[in-house]
Amino acid sequence: MQKNNIPALPAQKRIKSFAEVSLGFNKKQALDEAMHCPQPSDPAHVHRCPLGVDVLGFIRFIREGKMREALLKIRERNHFPGVCGRVCSAPCQKNIYEGETWVTDIRALERFAFDFGDKKEHKAQSPKQTEQKIAIIGSGPAGLTAAADLAQLGYGVVIFEAMHKAGGALWYGIPEFRLPKKVLNSEIDYVKSLGVEIKLNAVINQNYSVEQLLSEGYEAVLLASGSGSPKISGLRGEHFKGVYLAEEYLMRSNSRSASLSFKGKKAVVIGVGNVAFDCARTSVRLGCDTTLVCEGTEDDLMMAKAEIEFAKEEGVKLEVLTKPLEILSHENHCTRGVRFIKLDFADPGSSGEWKLTPVQGSEFVLDADIVIIAAGHKPNCLAARSTEDLKVNKDGSIWTKKNSFATSVEKVFATGAVAQPGNLIMSMVLAKRATQEIDSYLKEKLSAK
Amino acid sequence: MCPQDNLDIIMHKITNKQMIGENFKRLEVQAPNIARTAKPGQFVMVMVDEDSDRIPLAVVESDERRGVITLVFEEVGPVTKSLGEKQIGSFLFALTGPLGMPIEVKKVGTVVCIAEGANTAQILPICRSLKKAGNKVISIVGVKTKKKLTLESHLRSASYKLLVLTEDGSYEKRGMPINILGKVLKEEDVDLVYVFGSVELLRSVTAITKKEKIKTLVGLSPVMVDGLGLCGSCRVRVGDREVFACTDGPIFNGHDVDFDYLKARMA
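Taken in order, these protein sequences are the chains called A and B.
One point on numbering: in the numbering used here, the residue at position 87 of the first sequence is 87, and numbering is uninterrupted.
Counting from 1 along the second sequence, just add 1000 to a position and that's the residue number in the numbering used here.
Here are the simulated lysine-lysine pairs, DSS-like style, with alpha carbons at most 30 Å apart: (1) B:K1039 <-> A:K231; (2) B:K1186 <-> B:K1161; (3) B:K1213 <-> B:K1132; (4) B:K1039 <-> A:K391; (5) B:K1106 <-> A:K391.
Just so you know, these hints were derived from the structure itself, not from any lab.
Next up, chain A with everything else stripped away, as it sits in the complex (with noise of 0.2 Å):
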């Protein structure tokens, strides 16, 4: 159960603008949470946030509306609460609270702290500076955590972003209305105030390698390039003329590209997810008549129940259990529509095992101008490529030793997703991990010399 509704815009004013769809906890409300929030002594009972926040420590402080405070206690470990407060996807709201009759929603008061806290006030001191100067590779959610570690614990720290904004996914793969700019480029600038220098438009590649990295000074070099690359679904058609792969649409739209311009036009979204909602939500705001359709069934979409609320308010229809077999193109390679099979759950050989079967005779087409293909991605190895002797994993992502983040290169490390494909939280993990690795790494060889 959930006592406090977040407020959104109205479904009919945000499919007219890119602004943010959850407008937060207002303050009544943001109190009443936490107070309602148990407060259990029993330590199986504490919310476990997977960087360490301290969570009972920060709603606490809510509770007594010391909003600063509650900020400065989630920033002791997550430096992106006003990122988390969004788009995370909030694994301490789950497992603990079977049988439970209230579910705090964490998430939101993290997100309200960021809100209301005071970020003027808590400037982060600028911490003194060693010698030993870091490159890191990719302003993402491990790139911007790790540097911001690492800034603390008073390395020398430049991002290398290929991009010209910083922030990589966050930047260019959410919209605006789940995760607006300005909230994203205010923990830029809080990342920025540590001292971490972000170079933009700077491609680590064959012409500027990580080994050349290694010979102007650095220390230490971490790749944290991400899982933005994406995956090829294989589906024939695929590259008819209005076919987008979900990641070039959210950069598009991101980048608010005036190529862009679908009033009137029917998309549709194959894919599940958040990124295949972006997706569907981003075109309805572009003016489509937009279907998603998802294999699986509406338990499958793994999404959170608000968001597929939102879509649906916002009028994307859903088609489940329904399997895309050909895009379908006019005779100049445009896109008309994609023909599809439904499925059921069918026990063919009466073995008991239930799955997913095509229905004879189920074929239909539906009209499409745009057709968005959401498959997922992965590792994104451009810096890694061009490294001699740096190994890769068959899956595309870069080799580290066992329970380290070392590579198979002296002084290369790599973490988040180019590592460890997962999602933001946990690229925001593994990013904390490798930060104390290169720590007690340089630390050793500092006392070797």
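We have chain A; now place chain B onto it with these hints.
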């Protein structure tokens, strides 16, 4: 926002600008890191203003000493038009590169480099480096009309021989590169062919060279958004495998490219 306001952005000042053909412009842009490291066959992603699309442009020349690179483009769409309007002394919002896989520069013998229209600029660094490596470079350039011919003198000095074809016959020979290729292949013992241009040109050239069993490398220009392998819009099929032109190419073995697939990606 002026780039000076943001120190994170390396400043890319336009130091020279020339009109070099009808709707063709040549820009020199300050980019010391790119000038120092760019190799033939590579490109940069250009962002004219903060709200404009990123477009790929070949690094036509790079002057390491002055720290500038040369970009050549035809003003056709809104982005290239706004790039063409930039004045000397102004800044580009962003310039990323060098990107893509460079060509292999070595002595192979006789190399034919073919380009048409706006793609002419792309073969200049390739011809230059191959000639320098000791190859006999024969360049074939096809344009609609004489006014559209660019970098002629540059190409002449970068090649053993330059053959120009105009569709309307307004300069040198009338015709298209494909009309003359057979003759060149008959007269010369060609070891390698490079082609840059429309899908039709790539398709027809590779069809001929496949018969003649001559290795042919084609430069592809599908739509690109980031140029870093993050969006997949430049996906092409080469040898039954989907690859990204930005990070795996943009130059591929022409006999492996699926041109029907490419045609749809170029639309």
